[in-house]
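Peer 1: First to last, the sequence lines map onto chains A and S.
Those letters in the first sequence? Residues 1 to 352, per the numbering used here, in order.
Those letters in the second sequence? Residues 1 to 352, per the numbering used here, in order.
These are calculated hints, taken from the structure and not from any lab test.
Every value quoted in this text rests on a predicted model; they were computed, and no experiment measured them.
Treat the hints with care, since some could be wrong.
When chains are identical, the list treats them as one kind, so a pair holds in a single copy or across two.
Said to hold, decoys possible - With a straight-line cut-off of 30 angstroms between C-alpha atoms, the simulated DSSO-like cross-links for lysine-lysine are:
hint	residue 1	residue 2
1	K52	K270
2	K152	K124
3	K52	K124
4	K150	K124
Protein chains: 2
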Amino acid sequence: MGQTNTIAEFSCPTLLPAQETILLGHGSGGKLSAALVRDVFLSTFTNPELSKLNDQAIVAINGSRIALTTDSFVVSPLFFPGGDIGLLAVHGTINDLAMGGAQPLFLSAAFIIEEGLPIGVLRKIVASMQSAAQAAGVQIITGDTKVVEKGKGDGVFINTTGIGLVPDGIELSADAARPGDKVLLSGSIGDHGIAILAQREGLEFESTIESDTAPLHTLVAEMLRATPGLHCMRDPTRGGLSSTLNEIAVQSRVGIELEEAAIPIRDEVKGACEMLGLDPLYVANEGKLIAIMEPQSAESVLAVMREHPQGHGAQIIGSVSDTDPGLVTMRTPLGTTRIVDMLAGDQLPRIC
Amino acid sequence: MGQTNTIAEFSCPTLLPAQETILLGHGSGGKLSAALVRDVFLSTFTNPELSKLNDQAIVAINGSRIALTTDSFVVSPLFFPGGDIGLLAVHGTINDLAMGGAQPLFLSAAFIIEEGLPIGVLRKIVASMQSAAQAAGVQIITGDTKVVEKGKGDGVFINTTGIGLVPDGIELSADAARPGDKVLLSGSIGDHGIAILAQREGLEFESTIESDTAPLHTLVAEMLRATPGLHCMRDPTRGGLSSTLNEIAVQSRVGIELEEAAIPIRDEVKGACEMLGLDPLYVANEGKLIAIMEPQSAESVLAVMREHPQGHGAQIIGSVSDTDPGLVTMRTPLGTTRIVDMLAGDQLPRIC
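Could you build all of it, start to finish, from the sequences and the hints given here?
Peer 2: Printed below as a string of structure tokens:
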């Protein structure tokens with residue numbers, strides 16, 4: 001598949017026929033999601049901020065740069081090794097703000113609860129949200145509760161929407177990667193997705209694989225302090241590292257070349273992926289970030305990241321080129337190169 | 001029931017036992033909702049802004065007063081006379097901002113879609129949201145899409161979260177009603193709830209009853225321009241006029257005395273309520289507001305409201321007293337007085 005096809009495919013997806021129905025893959029974070037977003041949402045909610053396809057929108061209000069981001073969480077099961085839906089909801093929204101360079105300030109929390117949910121379960125989730133918010137220094141200031149009949153929901157779905165303040169001079173965007181830039185990854189990939197899958201399917205590994213759910217805003221703040229050379233940040237959640245990098249490659253009209261050997265993956269996760277036939281490049285993460293930045297200060301930013309608890313496994317995993325815009329490729333340890341495409345369908349539904 | 005009981009009941013609800021489960025009534029906007037909010041959410045997400053129980057939180061960011069509000073919409077059916085879930089989602093969030101005196105600026109939109117939903121249905125809803133947003137002068141700037149398996153959702157649930165700017169000097173709050181204030185209502189009540197119920201149950205009336213869904217921010221702006229004497233505004237959605245006024249009476253520690261004859265109810269709605277055994281005071285509205293304000297300028301504000309398309313049916317429906325704090329009472333046309341309590345269970349589930 002050449003570069004032109006890839007860009008065309010992403011920018012102008014085949015129009016979804018009107019009679020088509022929603023598939024689980026439309027929620028995957030991969031190709032079907034991208035087509036749905038472009039064909040149904042972007043074509044209707046036309047505005048320049050939305051079409052940047054960043055994790056957050058940044059608007060000027062009274063001279064301040066305010067970031068807004070929203071996420072609904074439908075993860076199943078509600079509790080899993082390393083976290084729960086509440087923790088995920090708070091961290092996910094904090095991280096989407098942080099990826100725009102915003103200081104996360106305030107969150108809303110809206111609950112859609114299925115009739116019959118034990119109130120004790122709700123209490124546990126709410127307590128988890130509050131402790132995550134307090135630990136991260138954000139406040140949950142407004143909320144909403146709806147109840148649907150048994151069989152019309154699934155326990156509880158949570159929407160968290162967040163606002164933050166973007167300091168002047170910070171410009172991070174998925175369309176800002178430049179040829180020559182380095183690609184940094186803050187740590188090992190695949191932990192969250194495998195933790196959920198193992199819990200859901202009752203799989204047992206030698207050691208428990210825990211979700212990596214974590215707030216990344218203090219790591220981002222350290223990185224921004226260390227250099228003015230950051231161009232783009234994203235957290236590779238649904239669709240994994242590959243889908244996130246594909247989006248950046250398309251939005252920035254650049255090629256991204258990865259070094260497979262440099263991508264950190266924990267042995268247990270690698271083993272679980274092999275056993276389950278999954279590619280860790282497509283497995284969701286909830287406490288990792290990708291940074292694309294000018295090469296000069298990449299090593300010094302890497303050193304700063306490794307000093308931070310959320311970045312001690314950071315690596316430079318590749319670079320940005322002007323060949324093959326829109327395409328992500330990976331050099332294998334054997335020296336061959338393969339295309340790292342976007343996820344086509346849905347590898348793991350309801351991962352977040 | 002005396003005043004003390006009512007306040008105690010609302011302020012310190014019986015603790016929900018840990019083994020209790022969520023009932024549909026927990027989403028009603030009435031007593032069960034209030035108990036859930038206080039017992040599970042307010043006791044955990046402790047902060048002064050949330051505990052005001054306004055429709056929106058207002059926080060200072062960089063010297064600007066930013067309002068934040070969130071609402072999830074789970075209305076069934078998705079389409080009904082006078083509107084659809086998309087229209088409701090945009091209007092509802094605009095109105096929650098407006099009730100704090102905020103100029104609505106930006107919305108997020110997050111969709112939880114059930115596998116199998118025809119994409120044509122989604123397109124129609126999204127188009128409806130965009131036209132409502134454009135008509136109201138707000139922009140949908142960020143979004144999210146999740147998909148759940150068939151049987152784990154119900155068509156589509158939508159969360160809209162909005163941010164707005166509150167001009168200096170505006171202080172509207174549910175705890176700001178003062179004895180002597182007048183209670184204004186912008187028009188007839190019960191239309192939305194009856195429209196949904198009729199559609200859901202396939203009921204036919206002589207003329208179709210349409211939802212009153214409408215954005216109220218321009219009406220609020222006119223009212224704020226007309227007087228500095230507004231103390232509190234709320235839109236009586238879930239739980240209807242009675243639940244909203246009960247909340248204000250408790251938050252402000254005042255009594256509210258209504259004149260039954262002054263409350264506008266359309267004949268068709270009155271007839272439908274009689275037939276169905278519903279009390280229109282508890283039926284949801286989606287395009288009406290209650291204003292509580294100083295008496296001197298009440299008549300002039302009423303005149304301003306009646307000039308506005310969303311306020312032409314406005315009436316002064318009662319006043320605020322210092323007797324019976326926490327209690328809402330109503331004088332009937334026969335001259336007797338009855339207590340207007342909060343809704344206990346759920347009269348009409350999934351109305352918004």
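Peer 1: The structure should be examined with respect to each hint, and the outcome stated for every one.
Peer 2: Now the hints, each set against the structure:
In this assembly of identical chains, the alpha carbons of K52 and K270 never lie at most 30 angstroms apart, being 33 angstroms within a copy and 50 angstroms across copies at closest. Taking the shortest Cα distances, K152 and K124 sit within 30 angstroms of each other both inside one copy (22 angstroms) and across copies (22 angstroms). For a Cα distance limit of 30 angstroms, the shortest separation of K52 from K124 across copies, 24 angstroms, qualifies, whereas the shortest one inside one copy, 37 angstroms, does not. In this homomeric assembly, K150 and K124 come within 30 angstroms of each other (Cα to Cα) both inside a single copy, at 20 angstroms, and across copies, at 27 angstroms.
Going down the numbered hints, you'll see the structure goes against just number 1.
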